[in-house]
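Chemist: Those sequence lines, one after another, are chains A and B. Per my numbering, residue -18 is the first one in the first sequence, and the count goes up by one each step. Per my numbering, residue 553 is the first one in the second sequence, and the count goes up by one each step.
To be clear, the hints were calculated from the coordinates, so they are not data collected in a lab. Treat the hints with care, as some may be off.
Unchecked claim - Sample of chain A residues facing chain B (criterion: CB under 8 Å; computed from the structure): (1) LEU169; (2) ASN176; (3) SER337; (4) GLY343; (5) ARG345; (6) TYR368; (7) ASP369; (8) VAL397; (9) ARG438; (10) GLY440; (11) ALA445; (12) ALA449; (13) LYS452; (14) GLU453.
Glycine included, every Cβ here is placed at the ideal spot set by N, Cα and C.
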Amino acid sequence: MTNYKKFKKVLIANRGEIAIRIARACREMGIKVVTVYSDADRNALHVRYADEAYHIGGSVANESYLVIDKIIQVAVKSGCDAIHPGYGFLAENSEFVTACESNNITFIGPNKESMYILGDKTRARQRMMEAGVPVVPGMKDPVKDLNDALARAKEIGYPIMFKASAGGGGKGMRLINDEEEFKTSYDLAKGEALNAFGDDRMYIEKAIINPRHVEIQIARDKHGNAIHMFERECSIQRRHQKVIEESPSMAINDEVRHKMGEAAIKAVEASNYDSVGTVEFLVDKDMNFYFLEVNTRLQVEHPVTEMVTGLDIVKIQIGIAEGKPLTHRQEDIHQVGHAIECRIYAEDPDKNFMPSPGLITGLRLPGGPGVRVDSGVYSRGEVPIYYDPMVSKLIVWAKNRETAVERMKRALSEYVVKGIKTTIPFHQKVLRNENFLKGNISTDFVDKEVLVEVQPREGSKEVAIAAAAIKEYLRERELENKLVEFTEVCASGSAWKEAGRKAAMFGTNFGDIYRYST
Amino acid sequence: MSYIAKLDNVEYKVDVKEIDTDKFEVVIDEKSYIVDTQLTESSVYSLIINGESFETDVDSRNGVYEIITEGDLFKIEVMDELKKKMLERRGGGAAEGKQVIKSEMPGAIIDVKVAVGDEVKEGDVLLILEAMKMQNEIKSPKDGEVKEVFVKAGENIEADAKMVVVE
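Let the sequences and hints guide you as you build the complete structure.
Modeler: See below:
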């Protein structure tokens, strides 16, 4: 039996729902949790949930969650054995791994070399071609400037995808249909990449039309044992950002499923990978699959796989980092039933998905059979402007896709978030869409179908009108009461100033009173 | 009280009568509904209408009610006769005259592309506002001259802050 470490204390270098998710796994494993926070996050849930929490700097991620030295310092001081990076921030930063190693702290993720190879799309693609895994045409080195980019795009042929080399998660990645569009969005895309990853290198690849995004969850330990945990279908995207994921995928059959699983394992073996990870593929309508990229981290949508396999991916990841061999063999892993995840963003779907940060004034979470909520927020909690707008993930499981969709609709209707706008109503619309129900989806489904057409409402018009009219009636009655008090103040001979102060105190203003008194 | 409710550019005649505590008769285009109303959590109302139970989320923004029921948004303007007449007299003004461009959300100014005195065309990018890792181009609503610029790059602003004036 091999020697392995047993972590006693782990630092989570992240925030929001994923910090909570990791902390939950730690707690179940008897590991103490240390979290870090920025100025904006003193009241965040991950701080309240932790055993220990330390302030590490300003609200902007560059002054806190991205500052390697500060995080390492906290880990050393508080006596942590390991650091879990979550996703985003430092999760795929090999300098961070080096910093951990030189301070004798285990990085919960892959070794530096495999992160270096797989984390960069250009290098990863080369490895895949060598390993015999099919790839998308056109990917090359980062472009030099706009002229170089235009020339290459012309060579490959529009439409193209313009992607950040350090990217992922849909940031700094755009579909470009022609040269004019490329000229106008070139700087913007680079600017986004620079802000999100501190690296504005971009590359071009051919856009495959109506593709499906299907990815394989894998795990490989430090002893060379590897498993895959089947696929996730992630084709429901908006602006290339995943919004709904499910497992299994309707796009592939069992034969292709197993082929993809084997290809995924081959892909990570080629770089001696030793953690959990995801191999992303594009699948065309003939079930041909092309390697897209490897995400060398825990994915946002990992719960979908957990629901259909019954495995805990975070615990597996921590176990691998401790040096333990995998306890599951491939033949022990089964895909049972159907799981769906909806990502709930603090965005206003009725205003072109404009970010909607702010104070959550009310919150009711869904529950009941087969429902899981991974959330980083709470009632009276603040959603800051500085970070990703995803505030929560709603995941359901049921015995087949049809019942899972019904269950998701039910859970969404129970979910109430007040004070900020969220994408809950948008998800309702997707789940009602005929083509979604039939499984006729592709990565441009949301942009082309859901957002373009006006979706029929299910709510009753009369109910809404009655609610608005009653509210107006109540508002006017309240104003009337205030007016009475206001008149009393004026009648007692007070000066205008006094009246103004009183009016302010009553929470009304002269405009309202004027409106009512005429 | 008699109101005109406007939803999706259709007007409905609505009468509201309080018949008991928390109980209303609402007549919408001559059809009567008995509505039992309870404010349950912050702005969520439980309505029982002729025995059927509904949940509505009631917010108002710029004088327009935003009602969410069954996950669907209804934007409803409720007016009495007086207000309706006033609005009609004023007429609908498009992007004419002085335009004050305000932020719709809190965020950070990444770049200001214009300066006072610049001539701009409708759709020209005035500045770039970043919130929650997304960069948003703020465009000019009209042709005109930049009269005032209230913000500079690197600055954080609140929702509804004045950014640029174009005239």
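Chemist: If a hint holds in the structure, say so; if it doesn't, say that too.
Modeler: Cross-check of the supplied hints:
no.: 1; hint: LEU169; result: 6 Å, holds
no.: 2; hint: ASN176; result: 7 Å, holds
no.: 3; hint: SER337; result: 7 Å, holds
no.: 4; hint: GLY343; result: 4 Å, holds
no.: 5; hint: ARG345; result: 7 Å, holds
no.: 6; hint: TYR368; result: 7 Å, holds
no.: 7; hint: ASP369; result: 6 Å, holds
no.: 8; hint: VAL397; result: 6 Å, holds
no.: 9; hint: ARG438; result: 4 Å, holds
no.: 10; hint: GLY440; result: 4 Å, holds
no.: 11; hint: ALA445; result: 4 Å, holds
no.: 12; hint: ALA449; result: 4 Å, holds
no.: 13; hint: LYS452; result: 5 Å, holds
no.: 14; hint: GLU453; result: 4 Å, holds
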